[in-house]
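Asker: The whole structure should be built from the sequences, with the hints applied where relevant.
There are 2 protein chains.
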Amino acid sequence: MLVSQLYAPTLRETPAEAEIVSHQLMLRSGMIRKAAGGVYTYMPLALRVLRKIENIVRQEMDAKGGQELLMPIIQPAEMWQETGRWDVYGDEMFRLKDRHNRDFCLGPTHEEMITTLVRSDVRSYRQLPLKLYQIQNKYRDERRPRFGLMRGREFIMKDLYSFDKDEDGLAKSYDQMYEAYTAIFNRCGLTFRAVEADGGAIGGSGTHEFMVIADSGEAAIVYCPSCEYAANVEKAELEAISIPKEELKTLSIVDTPGTKSIEAVTTLLGITADKVIKTLVYNTDKGVVVALVRGDHEVNEIKLQNLVDCLTIELADEKTIVETLGSIPGFIGPVGIKTPMLIADSTVMNQYNAVCGANTSDKHYCNVNAKRDFSPTIIADIRLIQENDPCPHCSLPVKTARGIEVGQVFKLHTKYSNALKATYLDMNGREQLMVMGCYGIGVSRTMAATIEQNNDEYGIIWPAAIAPYHVVIVPISSKDEAQMSLANSIYKTLNASGIEAVFDDRNERPGVKFKDADLIGYPLKVTVGPKTINENIIEVKVRRTGEVLYFDVNNYLEEIKSLLARL
Amino acid sequence: MLVSQLYAPTLRETPAEAEIVSHQLMLRSGMIRKAAGGVYTYMPLALRVLRKIENIVRQEMDAKGGQELLMPIIQPAEMWQETGRWDVYGDEMFRLKDRHNRDFCLGPTHEEMITTLVRSDVRSYRQLPLKLYQIQNKYRDERRPRFGLMRGREFIMKDLYSFDKDEDGLAKSYDQMYEAYTAIFNRCGLTFRAVEADGGAIGGSGTHEFMVIADSGEAAIVYCPSCEYAANVEKAELEAISIPKEELKTLSIVDTPGTKSIEAVTTLLGITADKVIKTLVYNTDKGVVVALVRGDHEVNEIKLQNLVDCLTIELADEKTIVETLGSIPGFIGPVGIKTPMLIADSTVMNQYNAVCGANTSDKHYCNVNAKRDFSPTIIADIRLIQENDPCPHCSLPVKTARGIEVGQVFKLHTKYSNALKATYLDMNGREQLMVMGCYGIGVSRTMAATIEQNNDEYGIIWPAAIAPYHVVIVPISSKDEAQMSLANSIYKTLNASGIEAVFDDRNERPGVKFKDADLIGYPLKVTVGPKTINENIIEVKVRRTGEVLYFDVNNYLEEIKSLLARL
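If you read the sequences in order, they're chains H and Y.
Residue 319 in this note's numbering sits at position 331 of the first sequence, and the numbers go up by one each step.
Residue 180 in this note's numbering sits at position 192 of the second sequence, and the numbers go up by one each step.
All the given hints hold, so there is nothing to weed out.
The list treats identical chains as one, so a pair stands whether inside a single copy or across any two.
Straight-line alpha carbon distances no greater than 30 Å define the calculated DSBU-like cross-link-like pairs of lysine-lysine that follow:
#1 Lys467 - Lys160
#2 Lys263 - Lys387
#3 Lys307 - Lys351
#4 Lys274 - Lys248
#5 Lys153 - Lys467
#6 Lys529 - Lys519
Bear in mind the hints are in silico, worked out from the structure with no lab data behind them.
Answerer: This is how it looks when you write it as structure tokens:
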């Protein structure tokens, strides 16, 4: 491709709307353009990257026996009503009606569609296992689309669905996909971790998220430097922390005017936060829930939600606290509170002579002891893991990091086959439910995540495996016929050997051409200047390392090939 | 691919819902499954065909300087409002609202989107010409989705948009696309014609449709066996037919009780239909229009619509005829009719002593002569061409045929660049409108059209260039180890040489395997039976011709390659 013809309009300024580096660089390098909030056009360079990621995904899916198909984007409501998710999905689902007033949605996912498809065509155990996948646009009407492709409303996903005869089959399919995902993200040149995750609303249990490690990541993960353990913080399980037992003192009440925060009350009383019981109130679709954690801990709302088995959970407003619980915001505590559902984190049960709100203005209880002074309805692990908490596997201190979720593997078991009656006849002629898994990769998000991990002040640094082109050839002077002719010949030679090259034939100053090359992030830049002409030497600069190499004009092809092989 | 694992559930019975052969065969061969009216899943075999067509399209677009990008499917209403098409599109456009109540549509086409994109990034004549294309789902909420993929509501299109500096540039881009389309449909193995067509509601003038010739085609086309002329019947222009002049007789009125049709009145009066003036009344958004054609001719409503320059046109109901025109359905005629718009086909002006309705019940006028007895507001070519009409180019008789429209090339000129203010600065620094063209190919429809043209009573006959696989290998007995082992070895050999083969390893009777092979339509079938084992001879059957060839087991690869090259 000649750069003079390439449709990649670069921008010198960083658009104000772009908060994170991948978004900024994709706009600046002319890779994407916004059409509406969370809705983008993929320009030619971006599309080339997407196609390369898609092909890597495709190869690894096929290698595990996956078969590609393509399901509709518009899905009739009926199949979603059959599983009950039409109502559950809420505002995140784009809905529309056709001219006959029939309800449709734009598929946010395809469990209903694929299960409906397979149940009508698969009858016998001989047709199983089956792994079907597609790569296409998905739709989620995010409340706050942002970060460019990172959290869009229209985005490209690969979704594979496995259908097995039994749980053993599912376990095998799951492991195969886990291996395939590891291979895919390795081939894309990403630093990532597979973390244990929570099932969430999609249902099922047994799931890993594949997280690209990056500071801009929206997900908090925890990992153990000492063992293999890694998990989404929401998922990480924790044991109760034990503390040396103290003698129980007498419950008392103290004046704590204006101390509405943990920090204020500890400062006033001269104690540490681990001596406080933190009390939070939630409204859920199963009623009001009061949750207790130690003052230096945070509530893990996902664990709480799973425990209560509720679909919605949010912090209660003042009205609920005052009218339903008879308490006062900032001074809530478990002693004497009127609630049908009091859930204590297990570590709270090991606190001695603690401090908590007295459910009345400007007062706290001291010397509070669980069991003696209050009785939780449920005692469970409901806290969020923190840096240096003991690793659930080896007990050594864990680390935390930010991650971008680019993939997820998921055991659905019989959730959908049961709801949609997807059965087969086993060897003995008995009807059995198919056992399912689903496995997603955010293809467009993977492209953005790659940039988050591979950039510098000048622009993008593409791993060669998914770079839009491998090499850019830049003549110093577009007016110099010898340079232009040699650059053109190198361009042709490289392309003829399967190396994807662009030739910057524009009538621009060298600085402009170099800046664009760095911004777009071609792995290698070949400069053709006076030295090339006079000394028969071409200069090759490695974008990632800044390394500059000189090759003979008559013998550069193999050198460039081997350079690319290690990028 | 092993057939035991291939997800292509075949059906023995033809589903009742399928009216045309491509729809029937795609359902039966497990290539597609319906999700809703006009909305289908492409199963693995169909997706392979689609990918091959897409790649042919891609290669030919790139060869003409096209650059692929990918625009959103969901499009904000604002850009459609800017061109006025938000209101014009009507019920055919799928519309939806996001959670913030903003209007979106599912793109039926992308002129607005691409023009909005290009206007913000292209400033200079040096960035032109530009040819941008994409391959993706398009959406049209058809009133009557039918014929499977032929008239769907969700379908795959390639759409390219050209941006040129001037009309000369557009003419060149148009010719390039015309050439590319010819190459594409030739490579797909289709019999087709490029026909002159009418612009229709999309706007612009200068357009050809690429029609695959097939009896099930929804479009009527006309072509000349004597010269190169071919056109959509709606577009074909006609000269007035001259008849020997007759002496004008005196206008008279006759009783014609119950003769509401041309046939009835000609039978009663013992005349031929070319002696009658046929009068039709239309309601349009520009008012009532009365149209006249000779009794043996039909009105071309597209020509009429273009002439009146109206957006909507439909036959008037009885009320309009009676109340607005003071006439009687079945007895309408131009003599004395009260209408502001009387349009006569130019051939009507050459009728002498004709018969027409007398605008009163059960009466006709005889010896009607144009000019003397009635004066049209407009005289123009408004009739539909018919078989044996004179060719507009060479005057010899034309033929008619049915066609499936699989592509269209279209000069938009400055329709959209003007509406959306897409300008550039020319060499002299003056602002100019970009000159545009658009070029579509129905990718999924091309697949269906190929089947319409390539099938027999047993199933599909794929042209090798777009066949899902090239060869199926069928062992006669799946219990015979020698056969299975040899079949497997041939399967591996073919795939290793880039020939896409499937191995029917199922434990089925040979008849079942042969039937499926013919139904799916692999170009070649290799049979491995006792003869293969005993005599070292494999049998290769050509699906298209039924030809059976015998090759040496040790020397079949080149033979199969050269066979495929000519299929």
